[in-house]
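**Student:** Each chain, letter by letter, is given below.
Number of protein chains: 4
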Amino acid sequence: MAYSGRPILAEELLFKPEHSLIDQSLHSRLGATTTNGDGFGIGWYGEGEEPALFKGVDPAWNDRNLREISGQVRTGMFFAHIRASTGTAVQRSNCHPFRHGRWLWMHNGMVAGFHELRRDLVMAVDPDLFPDIEGTTDSELLFFLALTFGLEQDPIPAVERAVGLVEDVAARHGVPHPVQMTVATTDGVGMWAFRYASSGQARSLYFSTRVDKLAALHPEVEVLHELGTEARFIVSEPLRDLSGAWNEVPESSCGFVRPGEAELLPFRPLLAAA
Amino acid sequence: MAYSGRPILAEELLFKPEHSLIDQSLHSRLGATTTNGDGFGIGWYGEGEEPALFKGVDPAWNDRNLREISGQVRTGMFFAHIRASTGTAVQRSNCHPFRHGRWLWMHNGMVAGFHELRRDLVMAVDPDLFPDIEGTTDSELLFFLALTFGLEQDPIPAVERAVGLVEDVAARHGVPHPVQMTVATTDGVGMWAFRYASSGQARSLYFSTRVDKLAALHPEVEVLHELGTEARFIVSEPLRDLSGAWNEVPESSCGFVRPGEAELLPFRPLLAAA
Amino acid sequence: MAYSGRPILAEELLFKPEHSLIDQSLHSRLGATTTNGDGFGIGWYGEGEEPALFKGVDPAWNDRNLREISGQVRTGMFFAHIRASTGTAVQRSNCHPFRHGRWLWMHNGMVAGFHELRRDLVMAVDPDLFPDIEGTTDSELLFFLALTFGLEQDPIPAVERAVGLVEDVAARHGVPHPVQMTVATTDGVGMWAFRYASSGQARSLYFSTRVDKLAALHPEVEVLHELGTEARFIVSEPLRDLSGAWNEVPESSCGFVRPGEAELLPFRPLLAAA
Amino acid sequence: MAYSGRPILAEELLFKPEHSLIDQSLHSRLGATTTNGDGFGIGWYGEGEEPALFKGVDPAWNDRNLREISGQVRTGMFFAHIRASTGTAVQRSNCHPFRHGRWLWMHNGMVAGFHELRRDLVMAVDPDLFPDIEGTTDSELLFFLALTFGLEQDPIPAVERAVGLVEDVAARHGVPHPVQMTVATTDGVGMWAFRYASSGQARSLYFSTRVDKLAALHPEVEVLHELGTEARFIVSEPLRDLSGAWNEVPESSCGFVRPGEAELLPFRPLLAAA
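Residue numbers (UniProt numbering), protein chains in the order written: chain A, 1 to 274; chain B, 1 to 274; chain C, 1 to 274; chain D, 1 to 274.
Just so you know, these hints were derived from the structure itself, not from any lab. A hint or two may mislead.
[Stated by the list, open to error] Pair ranges (Cβ atoms, derived):
{"id": "1", "chain 1": "B", "residue 1": "Lys16", "chain 2": "D", "residue 2": "Glu222", "range": "37 to 45 Å"}
{"id": "2", "chain 1": "B", "residue 1": "Glu152", "chain 2": "D", "residue 2": "Glu263", "range": "53 to 61 Å"}
{"id": "3", "chain 1": "B", "residue 1": "Asp212", "chain 2": "D", "residue 2": "His225", "range": "46 to 54 Å"}
{"id": "4", "chain 1": "C", "residue 1": "Glu263", "chain 2": "B", "residue 2": "His115", "range": "52 to 60 Å"}
{"id": "5", "chain 1": "A", "residue 1": "Gly190", "chain 2": "B", "residue 2": "His115", "range": "21 to 29 Å"}
We treat Cβ as the ideally placed atom computed from N, Cα and C, and that holds for glycine.
Whole structure, please, built from the sequences with the hints as guidance.
**Tutor:** See below:
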């Protein structure tokens, strides 16, 4: 779940909504795995230059510290992730969001055949960036490939090139349909969300309708008046069953949100020139 | 799950069967909660006088050490438990099995209104036993009440008195139907399993058919020939869908197993004389 | 370590000072045990009515989340504790500070013979408070005894009665010199620190000199100008070797700090009338 | 600590000796860091083809499961390690011993400038072995370089080449004296221990005198009669202050032990031909 808007307490986002992210740990209706208990993480922008991270390997619903911290963190840009491991170790360094400088990154999905492709993908990471890789996941590696291709300067082409590279390496190893992803990334100001799968059948991803439109549709729902007109959510699963609230991000698309701006753009992997 | 029989590697019991206990962590079909990820524990008799325990709060399917240890523990009496907390803290000291001397104890269910009843129940524990209480669960307290009433000398009446006491204290506090339990306990030689609920609707509990009878019914199933005729299982959920393999322990009953012996007896809470 | 004063980032208090609390985990010069690696905890007043807690059983120097959170928590009343277990389990529910309503409590020391005294002490806790006990330490029990005797209304007599009770119970069990303690407690506005041992030889406890006096003594030390004149520290070990900065709290004393107020008072255990 | 000899309970090795490895966690007299609380691990040969591992990030002295398992593991080849991180994450995948097939490996020391050298070292690992790397330590990478150079066929030259490669890569990056190491490795039958530092000043490493000679020297020490004549220890710090019991492995040497055999050989890094 990613939230952008007026500063709000994290616990409003994690524990309050009808089908909050914490509830998703237990019963994920649209996710690929029924239970997401292999770790959680939150990232937000507060004091200091870089965003802060609170991540752990305990199931989210059990972590007392998560509840405590959620009641104390007030922020206008908030990322939260529940992990279901696709093979790599369950350890804090493999939990999302990942951070580099001012950027946060989280990913649902996998790189198929990662065991075979990993070495070639690792070698494609910029040598100056390589030492900053802390874990062993495909998700973090995708992040570092995107950074290698200039995520910090121009995110969408950077991610297109990263995915293009993975597909190219996979083709050379004979691994079909390697990329399954929904990704959210931010620099603290803007937020980008990607939905793409090499097979054309990506996992679910939704963005929220403008809050003022929704408040007009549902005047009885109080929280809509508290949220502020700039509030935007990007989620794997809808937070609340409210008609008109959630809009699917189409396959092979990227949504971009910044205060006052929101747009949907096509996403097409690019293969860098040989 | 409780196993009694010829020495066998724990990993055969935990990871091999069709619907093994480890799989039960994720998809418990008959349990009260869909996911049991609040801890696990195994207990077994090997070197030394007392049984050994390996318990932890990580979800069982994630614990690498559990897999490693399972491949090394060979034992003829084996207890395994997956926990779904009913309110008390998720910490190793609240994981089952609990141990006292040569005895192991595990419990599925709860004492309703435990928050209100706890002080009175704690005070009913033998003062000499009280210092050995390590955690804060209703399950461990039931164990210590049973020990107080002579579990080590005559298990069935001891548990009947323990349950009788809980029901009496609950009545005085106005808490209806306090006890929901399936319990397994052992001294390393014999194994007792109880199924009882104050409301008359207890959780599921099964014991296995004699292995030689089952091997005759299903000659094609190899593991039955490896298990040995003395093999007995007591489980919350059947380990394998095999017709004729599993028999329900009736409501308000206690099953007792010892090499060469197996019987079902009625279970009736006793209120100790005032 | 307890801090009261102008709001400050927790990381300034935990990680910056010369001999910060985090360093104390590794090399405690004045503490009873050389290494304090059995857990840590911080408590502070921020959003909401009750103070927030962040506690864990990893050694403080290893906990990445502690570093992250410290950089985000800005508060005017801050408690931090490093634990060295005196026997009870290492688990989050046994880490300090403990909380009840708006009150925080932390304790260095032990109740000797706790194994023998525990039952009687538990029974002396107000039955309405008893259900809130989450762990199994002597420290938390002392807190609940103080609450039983009215900590929230009048702290010093309440703690005097709690200690008096422990000494009385110990005498009846033949346990000499039961209480070894330095305690810090707060309601978010005022801060009380106690130094007492039944044997007359309590662990170390210091309070800081008024910052304006100290800045006059040491004009070259920059942080003193940033701290603000109301800043007060109460610590087990001095945070910084600076002459004139630290004053010993005498044996059998209680220090009290509130904005604009600071005093030292005698502390004498009281035995409640039979 | 490495033990080779007659099968023995792990708890005899970990918890019994005067200055056991568990005590070393707290007060390491000869180690580079005073406290080794960043994880522990044991490896041993029992059931099955491959050795078993029990590793964790809790300080060794706190891990209840370690105590329990130690009382149940009986083995003739036993490795135990206490970790003090030199920078990489504290997580189970970074704890020693590391395993590959039948081989175990543990390392005290570091590769200086690892952050700079890591990418080149990673690329030098055999592509077929690379996917098996689970963590991010220099220690594990040294192991995989040794495997790349044929550890499983001829250990000493393989380690010489691995170290040679590291020194060569370090020279090209301008990092002086890169390798600081004591290493123990085994295939379950033989045990090799290496002591080497690029600077010529390696950490401590000792091997034990033949037990029968020692029993003659110290007839009053009972455990010597229980140990069996084939017992051999290789340790970072002496387990027991007993004159004549411990012999320093010289700088730039490798000790090799197999039932009936023990020898000291020189160790010289080899640079593979260009």
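**Student:** Look at each hint and say if it fits the structure.
**Tutor:** To see whether the hints hold, each was checked on the structure:
no., hint, result
1, B/Lys16 - D/Glu222: 37 to 45 Å, "holds, 43 Å"
2, B/Glu152 - D/Glu263: 53 to 61 Å, "holds, 55 Å"
3, B/Asp212 - D/His225: 46 to 54 Å, "holds, 48 Å"
4, C/Glu263 - B/His115: 52 to 60 Å, "violated, 40 Å"
5, A/Gly190 - B/His115: 21 to 29 Å, "violated, 48 Å"
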